[in-house]
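K.L.:
Chains A and B are the protein sequences, given in the same order. The C-terminal residue of the first sequence carries number 281 in my numbering, and the numbering is unbroken. The C-terminal residue of the second sequence carries number 256 in my numbering, and the numbering is unbroken.
Bear in mind the hints are in silico, worked out from the structure with no lab data behind them. Among the hints, a few may not be true.
Unchecked claim - Okay, derived cross-link-like pairs now, DMTMM-like style, lysine to aspartate or glutamate, Cα gap no bigger than 25 Å in a straight line:
| # | chain 1 | residue 1 | chain 2 | residue 2 |
| --- | --- | --- | --- | --- |
| 1 | B | Lys144 | B | Glu216 |
| 2 | B | Lys55 | B | Glu141 |
| 3 | A | Lys126 | B | Glu134 |
| 4 | A | Lys126 | B | Asp14 |
| 5 | A | Lys126 | B | Glu216 |
| 6 | A | Lys227 | B | Asp14 |
For reference, the chains in residue letters:
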Amino acid sequence: MATGTDPQARTTSGPDPAAHGVHAPSRAAVPARHLRTDRWWLAPAATAAGLFAFVVYSTWRAFSGADYYAEPYVSPFYSPCVAQNCVPMKGGANWEIFGAWWGLSPALLILIFPLGFRLTCYYYRKAYYRGFWASPPACAVPEPRAKYTGETRFPLILQNLHRYFFYFAVIVAGILTYDTVLGFRDESGRWGHMGLGTLVLLINIVLIWAYTLSCHSCRHIVGGRLKHFSRHPVRYRLWGWVSSLNARHMALAWASLVSVALADFYVYLVASGAFDDPRFF
Amino acid sequence: MTAYEAHFRVWRGDVEGGGLKDFHVEVNEGEVVLDIVHRIQATQAPDLAVRWNCKAGKCGSCSAEINGRPRLLCMTRMSVFGRDETITITPLRAFPVVRDLVTDVSFNYEKAREVPAFVPPEGLGPGEYRMWQEDVGRPQEFRKCIECFLCQDTCHVVRDFEENKQAFAGPRFLMRVAELDMHPLDAAGEAGIDRKRTAQEEHGLGYCNITKCCTEVCPEGIKITDNALIPLKERAVDRKYDPLVWLGNKIRRRPS
Ligand code: SF4
Ligand code: SF4
Ligand code: FES
Ligand code: FES
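Next comes chain A alone, as it looks inside the complex (with noise of 0.2 Å):
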C-alpha cells in the first residue's frame, strides 16, 4: 500500500480481493465484523424511527393544504404563504408570489427552506448517515458497502451550502416570530389577548430561534472564522454565547423538531374544528 504502513502483507495467501476494511490482510484476523455485546444498535435505530415519523406527518400536512390557518394562529408549516391559493392571513406573511398557476399547497413552496437547512444541518447529518445510511451504524461497527467517499463529491459535497440555508433559516425564523406576535390577538383581530394557541407558538418559536442560532454555520460566522478574538471583543463574546448554544445542538434539533411539528398540529386541531382553543386572557 502506498502509505507505506503496511509491509508485512500475509505472505501465504494472495490478497482476497472480498477482505477489506477490518478483515483486510494485514490486520489482526477476527473473523467477526465487530465484537460489540453493548446494545450499540439502538441509538441509529430510535433516531431512524423518530425522523421517520417526522417525514410521514409533515409529509401529510405539507400536501394536505387545508386547516393550517385558525385565527389568529398560523401553522409554522404554511407560513410565509406565498401563493394565491393561500387562506387569507390577516396582517399575515401572505403574499401572492405564485399565481393561480401554482394548484398544489402553498406548504410546498416554503418547506424547501427549513427542509434544506435541516438536511444540510451538521447534526442531522449524522443522525441520518448513521441512522438510515449505516454509514457508520455505530462506532466500531462496519459500514456494509465497499467503497467510501464522504463528502468528496455529489451529491454529498453539497452538504457544503449549508450557510446559504442557514441564511434563509434566519429569514423564516424572523417570519415565524411575527405570526408568534400576531398570536396576541383575538379571534377578531384586536390587540392584547392570549390563548393557549399562543403560548404553544412561543414556545415553538424559542425553540425554533435557539436550534438557528446554535448552527455550527452560525457559530462560524458570527466568530468562529476569527484567528485572533483578542481584536473583535465583541465577536468573541457572541461566539461564547453562540458555542455555549451549540454544545446543545443535538437536543435542539430534536426539540425543535417536536415543537414545530406540535404547533402545526394544535393549529390543525382548531383550525378543523376538533378543539377550542382556550382563551386566556
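Mind docking chain B with the ligands on chain A? Use the hints.
P.N.:
Using the frame of chain A, we list chain B with the ligands on its own:
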C-alpha cells in the same frame, strides 16, 4: 468487594493469523483491564505482547479494543463489566497487527509528517512570542491529545476502507491542521500555505462525514468533531464555496 474470577478472551497471533484465546483470571477490587492483562502475562502467558507505559491514561500506548470498543486498557475499570461477563480484548483493528495486542501505528506518523509544521512569524525571536489567552483557548483543547490514535482507529473512513488511508489524514491530524490554522502566531499564510484549502484538498477533510465516532472514543474528551473538524469544514467553505467571503477579503484587506 471481593476477588472473583473473570473470563477473558484475548486475541493472540500475528500477521500470519491468530485467534481469541480463553483465560480465566483473578480480578481484585479497583483494578483496570491492563492489570488483568498483566496478570495473564505473569501467570499464564508470559509471551503475551502488550504495549503500555504510564498506566495513567497519559502516554497513549495501551490502546486496544475491549468488547469491540476502542479504549485505553489502563483507563477501563473492571467495575464497568458484570462479573459473569466475558471480556474480549483485541488489538486495534484499523492498523496492521504486529503481535498479540500490539499494532503497527506508523500510518499515524506518516500522516503527522504530511501536515506542514508551525510557521514562525517573521521578526519575532525566541522568547518574544506574546499571545492572549482568548486566542490560544481553542488550540489548547487540541493540545490535550495524548496520541493514543483511538480516534484514528475508530474512524470508519480508514477502518472500513483501507484504500482511503492514502487520501485521508484522520481526525487526529485534521485536528492538528485546525490547531495550526487557529494558532494566533502561525504565519503559514505569509509562507504561501493555505491550511483551510489544503485541509480539504490534501488531507481529505471531505471524507469525514461528521458522524462523531472520534469524539466518542477520545479518552481526553476532546470535542474533535464540534471544535476542530466542523470549524475546519466551515473554513474550507470560506475558501472554496463562499463568494461573499472571497469578495469581502478582496475589498477589505484586514487581518482577522
Ligand atoms: S467525525 Fe469524521 S473524522 Fe471523526 S470518526 Fe467520524 S468520519 Fe472520522
Ligand atoms: S484526539 Fe483523542 S483519541 Fe485521538 S489521538 Fe488524541 S487523545 Fe487519542
Ligand atoms: S443547523 Fe445544525 S449545524 Fe447548522
Ligand atoms: S498505559 Fe499510558 S495511556 Fe494506558
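K.L.:
Take the hints in turn and mark each one as holding or not.
P.N.:
Quick rundown of the hints versus the structure:
For the suggested pair B:Lys144 and B:Glu216, the alpha carbons sit about 16 Å apart, so the restraint of at most 25 Å is met. A hinted pair counts as satisfied when its Cα atoms are at most 25 Å apart, and B:Lys55 with B:Glu141 qualifies at roughly 22 Å. Among the hinted pairs, A:Lys126 with B:Glu134 is inconsistent with the structure: their alpha-carbon atoms are about 30 Å apart, more than 25 Å. A distance of roughly 35 Å separates the Cα atoms of A:Lys126 and B:Asp14; the hinted pair therefore is violated under the 25 Å criterion.
Of the supplied pair hints, the one linking A:Lys126 and B:Glu216 holds, its CA atoms being roughly 13 Å apart against a limit of 25 Å. For a cut-off of 25 Å, the pair hint linking A:Lys227 to B:Asp14 is broken: about 47 Å separates their Cα positions.
Violated hints, in rising order: 3, 4, 6; the structure is consistent with all others.
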